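Engineer: Please work from the sequences and hints to get the whole structure.
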Amino acid sequence: MSTETEAPTIKTEIPTDGQTAASDELPSKGVASPPVFTARDLTVYYGDFRAVGDVNLDIGEREITAFIGPSGCGKSTILRCFNRMNDLIDIARIEGSLLYHDIDLYDPEVDPVAVRRRIGMVFQKPNPFPKSIYDNVAYGPRIAGVKGSMDDLVEESLIGAGLWAEVKDRLGSSALGLSGGQQQRLCIARAIAVSPDVLLMDEPCSALDPIATGTIEELMKEMKNEYTIVIVTHNMQQAARVSDRTAFFTAEADEATGQRRGKLVEYDETSLIFSNPNDDRTEAYITGRFG
Amino acid sequence: MSNTAKTSATGRPSLGSLQKRRTADVKGQVFLGLLLLAVGLAVAMVLAVLFSVIVDGLDVLGSRLWSFLSNPSSSDPEKAGVVQGIRGSLLIAAIVSVVAFPIGIGAAIYLEEYAEDNTFTRLIEVAVRNLAGVPSIVYGLLGLAVFVQSLRGITGGSSVISGGLTLSLLVLPIVIITASEAIRAVPSSLSDGAYGLGATQWEVIRTQILPAALPGILTGAVLSIARALGEAAPLLVVGAAAFYTTGFQGFLDQFQGAFTALPMNVANFAKLPADNWAGHAAAASVVVLVVVFFINLVAIIARARITKKLGR
Amino acid sequence: MTATTSSRPAAARAATWTPVLPTVISRGAAALVEVLLYLVLTIGVAIVEYYVAGPFTDFGPSNWWIGFVIMAAWTGWHWAGAQGPVGSYVDHYIADLDGMPACFSCIAVRQLTRFGVLFGLPFLILDSNVVLAVALAVVSGAMIAFTPDRRAPWDLIAGTVISQSLAGETTRTLPILTKPSDLQLSNQRVAENKRARRVLQSAGVSSIVVSGLIVWSIFSEAWEFVAASDFSWGLLRDIGWFPRRDKFDLSTLFVGTLWITGIAMLVAGPVGLGVAIYLSEYAKPKVRSIVKPAIETLASIPSVVLGFFAISFISPSVLKPGGSVFGIDFGIFSLLSAGIAVGILTVPIVASISEDAMRAVPQELREASYGLGARPVTTSLRVVFPAALSGISAAFIVGISRAIGETMVVFIAAGGSGGAIFEADPTKPGQTITAAMASLGAGTDSVAGSGIAFQSLYFLGALLFIITLVLNVASDAIVRRFRQVY
Chain E
1 MSTETEAPTI
11 KTEIPTDGQT
21 AASDELPSKG
31 VASPPVFTAR
41 DLTVYYGDFR
51 AVGDVNLDIG
61 EREITAFIGP
71 SGCGKSTILR
81 CFNRMNDLID
91 IARIEGSLLY
101 HDIDLYDPEV
111 DPVAVRRRIG
121 MVFQKPNPFP
131 KSIYDNVAYG
141 PRIAGVKGSM
151 DDLVEESLIG
161 AGLWAEVKDR
171 LGSSALGLSG
181 GQQQRLCIAR
191 AIAVSPDVLL
201 MDEPCSALDP
211 IATGTIEELM
221 KEMKNEYTIV
231 IVTHNMQQAA
241 RVSDRTAFFT
251 AEADEATGQR
261 RGKLVEYDET
271 SLIFSNPNDD
281 RTEAYITGRF
291 G
Chain C
1001 MSNTAKTSAT
1011 GRPSLGSLQK
1021 RRTADVKGQV
1031 FLGLLLLAVG
1041 LAVAMVLAVL
1051 FSVIVDGLDV
1061 LGSRLWSFLS
1071 NPSSSDPEKA
1081 GVVQGIRGSL
1091 LIAAIVSVVA
1101 FPIGIGAAIY
1111 LEEYAEDNTF
1121 TRLIEVAVRN
1131 LAGVPSIVYG
1141 LLGLAVFVQS
1151 LRGITGGSSV
1161 ISGGLTLSLL
1171 VLPIVIITAS
1181 EAIRAVPSSL
1191 SDGAYGLGAT
1201 QWEVIRTQIL
1211 PAALPGILTG
1221 AVLSIARALG
1231 EAAPLLVVGA
1241 AAFYTTGFQG
1251 FLDQFQGAFT
1261 ALPMNVANFA
1271 KLPADNWAGH
1281 AAAASVVVLV
1291 VVFFINLVAI
1301 IARARITKKL
1311 GR
Chain U
2001 MTATTSSRPA
2011 AARAATWTPV
2021 LPTVISRGAA
2031 ALVEVLLYLV
2041 LTIGVAIVEY
2051 YVAGPFTDFG
2061 PSNWWIGFVI
2071 MAAWTGWHWA
2081 GAQGPVGSYV
2091 DHYIADLDGM
2101 PACFSCIAVR
2111 QLTRFGVLFG
2121 LPFLILDSNV
2131 VLAVALAVVS
2141 GAMIAFTPDR
2151 RAPWDLIAGT
2161 VISQSLAGET
2171 TRTLPILTKP
2181 SDLQLSNQRV
2191 AENKRARRVL
2201 QSAGVSSIVV
2211 SGLIVWSIFS
2221 EAWEFVAASD
2231 FSWGLLRDIG
2241 WFPRRDKFDL
2251 STLFVGTLWI
2261 TGIAMLVAGP
2271 VGLGVAIYLS
2281 EYAKPKVRSI
2291 VKPAIETLAS
2301 IPSVVLGFFA
2311 ISFISPSVLK
2321 PGGSVFGIDF
2331 GIFSLLSAGI
2341 AVGILTVPIV
2351 ASISEDAMRA
2361 VPQELREASY
2371 GLGARPVTTS
2381 LRVVFPAALS
2391 GISAAFIVGI
2401 SRAIGETMVV
2411 FIAAGGSGGA
2421 IFEADPTKPG
2431 QTITAAMASL
2441 GAGTDSVAGS
2451 GIAFQSLYFL
2461 GALLFIITLV
2471 LNVASDAIVR
2481 RFRQVY
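Residue numbers (the working numbering), protein chains in the order written: chain E, 1 to 291; chain C, 1001 to 1312; chain U, 2001 to 2486.
Hint data in this document are derived by calculation from the structure and do not stem from the laboratory. Fair warning: this is a prediction, and the values are worked out from it, not measured in the lab. Relax, there's no trap hidden among the hints.
Computed, partial: chain C to chain E, Cβ under 10 Å:
1. E1116
2. D1192
3. A1199
4. Q1201
5. Q1208
6. A1212
Glycine included, C-beta positions come from ideal geometry on N, C-alpha and C.
Structural biologist: Structural data, given as structure tokens:
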């Protein structure tokens, strides 16, 4: 079992014709090369606690990759490695390698702040700044040193997040007056305003109602043309609806210490994961037998 | 105490058992009475202090308000005034804002945002908390030893600089604690959001944390000014003068020469024979109270306005 | 333009470039609206002038000027906030095309506009008042200039046209990453970040140095008192506290301090606790919003004022009549009077910390108790009070610490200025540690050279420091434990 799961990317090279109409231009089901991210034996420790270990996966360009799994399985922790948000936690520590376009993200020469500018993040709870809608979107470019007017950039970003029509008459009013779904789309607009390469989304819809969730899912499908998206979700239907690939994580008790720690069980095209999972645990999870 | 419903023979509660009790809840009434007595006493204390001081001060304030505010100290009760105290208090407030605010707020940001969470940091936090509880007169001793004696060349001995610096040290822990609390209350989602957009730590602090914490920081700062303006004990030890004559004062003399402050005026008047001077002590008290309450009011209004402006 | 701004693929960018003509038209319309508004304003001014000052003979520059002043103010104000009617007509935000300066001429035009020259020029021609024209132009221009990202439509028209004609379409892509150092920040931002850290760190360090300084200066001087040649421990037992005559009886000061503290807590304990329970468990929000600020007012009254209150009100109006009933003769100065005043000062401390402790008790506990049919009195005393007990004891300890450290009230109202004979009767004048220090300090200059009297000041300071430190650490420890429970 463990040998299988340690190199899940190998599995994805088994051809399954006809099952995935969406990836016509990818005859091999392997991630289109070059991948945006390449994780090898990625392990995260919180102090002495090994939160999630030995993750091996490639993330393809302009795809939506979903991380699913029960709570505590480390999917968010892995996601936060991708833009080095884990650096903000004093006790977090990384082992293994994580390449971003062939550059080691944890190279000493790499500045985590510069990483986060190329790899944006949308958080679980909408967290607009207590400023105007305009200033929220303009925040990222401003701190990056863009001078002068940002009206068009703001407009473009809001259009990109599907929010322009709703807010164009009140750009100067407080972002906190928006509804939850609008706030989350504002956060997406804010993230794309710095023209990132990748968008990481940490359960972006968990605080939203089904209609707002649907809007954001539509938005994600459109944004796929320009961005690589990695989304963590606890909602399996969401993963099935929007993602091209799905990674299933789970948490298992360590025999030595008894602590529950996360691991990557299976990573494959979404259609395969949901129709014909290789691993019993994946099947048990997606059919609702546990989690 | 026990309020179990009496049940009828069938096991169903009777209507009577669910009705309001007719017998008075004596214990509860007595308890509530005691509480109200305590609240009444506390409010009575406030009113008694304010009214007695105002009534006593009305004599002086009513007959010669302007000359009381604009005259220097004098041995003649008809001429004595508090202008030196007002000037001293203003200078002290200025020194405190220039010295204690930047250092205190800076230290708070450092402790909350930069300092690693280790034993040393925790030790500092405990030290700061306990320094806030050290009696103010002990700070006076510090001022006497350091500013008045060791640094006499700079401060000019018992001067408004010494007094102001001493009171700056006194309010420093208060500024640090209130600013720390305000910073800690900023939700981490804000700083996460900014970090996620590629902001450096300083940019996160400058653009997110400080603006969000500003109402709390400002309130703490203004209240600590009020505290500094009400303190007399440290100034007594540092050597605020009871009486001094004001001749022509050059710029430096204003800072390095003899000084006094409004609370010192109150203490000095109160120490004089009551027959002639009680009214002056009360009048000076009213002036102190007006100043302190005004500053508190400013803090409340500023807080409300900033909070509103930030849309929260 | 700057290397920091990368953008999407060219295709996405090009899409936003195509509707440039409509933008120019709408911006031009906005600029025309401004001119029309100006004309309307000026005519309005003339009409008002007609009714106020009678038939006018000359529709001359003065009306144009008044209109211009109004326009300049309006423009500066509204364009700055982008809230004006014309602003909303052109979708609020009008600027040059890609969010940054496109070409040199565009920047030049903008800078001219920012200082209001474009606005001012026509009027310079119309009217000869150059100084006023320039002043107004600068004011209106500066108001626009100091709010970046927003500006008046003239600028936009010019900027749009010029950047369109001179600047070709630019295609930009994300810079290609080849080595780890490509993922670095600009030196300026890194340096700024480091500088901020250094400055803040030095603030943190200096506040620590100050704390060390306090302890060091006080204890070193206190040690001089103990180490002085004419000091012996026997000196600390005498007929009273007269430092200038080398009589340092500590028991005088301790008894005085104990009385003050005890009396103060007798006043502040029940009243403060009662207020806290009432505010936390009984008071309706409206009552609370009145009572709480009133109690907090007490906290902001300077202690000198309460010292004066003790000798002007408590002693003559409360203790004297009260004492005559029991045959006790109160003077103006007594430990009891000072103790009550200190108690009044301590009430808000006990009340607010206890209230915080009780409000921190989870609502579920109260609901559980009410759910079992308990009354408010039972819930308060049997559920909330025990749960908040550690917080409440911390409140009492802080109150005691504050009462011990209170100086001015005792200095003014307890009567022991200069020195005091040992006195155990609280109805008589007495001396506390703090008041003894204040008395010594009040005459600093005369004390400074005279033997160890001056050092005794620091000895007392060190004692006081240790006592309050122990109390504060104790309350801190209690609160800490209490936090862990929930």
